[in-house]
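Required output: the full structure, derived from the provided sequences and hints.
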Amino acid sequence: MGLMSTDVMIHASDLSKRFGAVRALDKVSFEVKRGEVVGFLGPNGAGKSTTMRILTCFIAPSSGTALVNGVDVFDDPLAVRKAIGYLPQRAPLYTDMSVRDYLSFVGEIRGLGPDKFKSALTRVIEVCGLAQVLQKDIGTLSHGYRQRVGLGQALLHDPEILILDEPTADLDPNEKAEVIRYIQDIGKDRTVLLSTHNLSEVEQACARAIIVSKGRVVADGQLDEIRAKTGAVRYTLTVDEKGAAGRAAPSFAELEGALVGLTGVRKVRELPNDESAHRVELSGSKDGDLRAELFRLAVDKGWTLLELHRDAQSLDAVFRDLTRSDEALDRGRTLEQDDDEDEDEGTDSDDADQDEEKKG
Amino acid sequence: MDKILSVAKREFRSYFDSPLAYVVICLSFFGLGLMFFMFRGGYWQIDRATMQPLFEFVPAGLAMLVVPVVTMRLMAEERRSGTLEMLITLPVKDSDVILGKYLGALGLVSVVVLGSLTYPIFMFQFPWSLGPLDMGPVLSGYIGLLLYAGASVAVGLLVSSLTDSQSISFFITFFVLGAFWFSGAIADQLSGGVAAVLHYISFQTRMNGFMRGLIDTRDVVFFLSITVLCLVSSFRALERRKWA
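As they're listed, the protein sequences go chains A and Y.
The numbering of the first sequence is the numbering used here, which starts it at 1 and goes up by one.
The numbering of the second sequence is the numbering used here, which starts it at 1 and goes up by one.
Any given hint might turn out to be false.
Stated by the list, open to error - As a list, the in silico SDA-like pairs of lysine to any residue whose alpha-carbon atoms are at most 25 Å apart: (1) Y:K9 / A:A79; (2) Y:K93 / A:P92; (3) A:K116 / Y:A8; (4) A:K82 / Y:W243; (5) A:K118 / Y:V92; (6) A:K82 / A:D115; (7) A:K118 / A:A79; (8) Y:K93 / A:A120; (9) Y:K93 / A:L155; (10) A:K214 / A:F30; (11) Y:K242 / A:P159; (12) Y:K242 / A:S29; (13) A:K136 / A:R100; (14) Y:K93 / A:D76; (15) Y:K93 / A:F117; (16) Y:K9 / A:L141; (17) A:K118 / Y:S14; (18) Y:K93 / A:D96; (19) A:K136 / Y:L20; (20) Y:K242 / A:D14; (21) Y:K93 / A:P159; (22) Y:K93 / A:N69.
In short, the hints are calculated from the structure, not lab data.
This structure is a prediction, so every number in the text was calculated from the model and none was measured.
Here it is, written out as structure tokens:
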């Protein structure tokens, strides 16, 4: 391991963990390099927290090894914990202590001297916005503030590595945005491993993501790479529901029929929208670009094209594809597609009815 | 060592952050006073300058109420609320956590025990002087009380680290300490090997020597062994989370 560059801050190899008969982790391997902010994604029960608990030496893996800051979690848990700032899920804090007392307790255990603690406290108060609540009991604080206190204790000793387990769960949208902003700030010069099941947060805060499902890593890479992984490109198309100059308004059925006929279109799905326009999502293969053909088709049919947009498949969709695949295999066919088709048929006929009424 | 003291200090302070410490201290002294002066005619009935009743009531009170109440939350509450994860993932050893919590709880119990020193001081030194008190048995009595408190807090800590529930922890500790205390009285009704064993483990029998001014190494070793055994078992119970 001495050969390994010191830039690898977290190195997990073949981590497995069994709880009785349940296999919580199954040979999980990944690396996090210095200065990276990595999103650790997965549905509930996928093994995110278990992995983090192993990395912080709270529990031991059944097999496999983990190096944090170059130190094996089995050899020297204290050295590992010194290098890490950790925020467990739901920020469990001593509710009967004041914020200040709590932070000074953590400072004591972390071995910060009085001077060092004072400057650390000032920094943490500023970064986490704790000035207002410093003297209050933690038990009286809102979830958002507790989460900030939790983040504060993780940052107190200015750690090289931050491990945050669902730091934004239970927060309202404003608080979430703030915590994400802190993490972006903090992540500029630290290594951060951040677990969540909220994908938009990952897109905001992280450049790289590791997706786990049922105890296994199912994707690991830059967000763009992960998006590209399913090999599909998404087009969003918005067509005005009023027909252009003297021509009849297109129904969704017409739209769909025409679009499916186009070579390279794999799947057509109507997106929710208001009454005035149809929004359609298409997926096409990664290699081609259908935008020109879509435009020509719209001109041919006399549709008023309001929007045409091409991007990589959304992380959301990739996440669903990757983490549901096991389930899908069990049932022999993807659930998702079935559902979608049903929905489409439903909305379809509604639209057709409406159009007929208008005509009449 | 610093870390043990930090944990102990936090634990001790947290008793005073909640009403628990005040309730425990006030009620123990109220109960002690009631027993000492009123129970079966109380102290005056004895008509001697002695502190012996004190050493009978304090351990019983400790065993019955104070220790179970003080120790019930030590580990159980940390586990239930998840704060244990926060504590353990700080750079502390598991043994630091166990010893720190033990010392924190023992601190509060010692406040109660040493608080009762006001009895001999006020009654026989200042402001009152009710008679010539032999300080030897008082001193050995307090040594015995502290050893006893140390052992019973360790028992409470062990029980607390085996469950997530404070109330279960309370009742089991209450029962175990009660059994240890009264096994001597039960042994008096029996004879033979069973009686010998019950006498051997009885905290009350062990305390008798200390009350009379006799510090027997066997009794000291007995209390210290119970303490060490329970602390090591608590440590193992805490460590078990890693492999479960």
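Exercise for the section: Hint by hint, work out which the structure violates, then give me just those numbers in ascending order. Expected result: none
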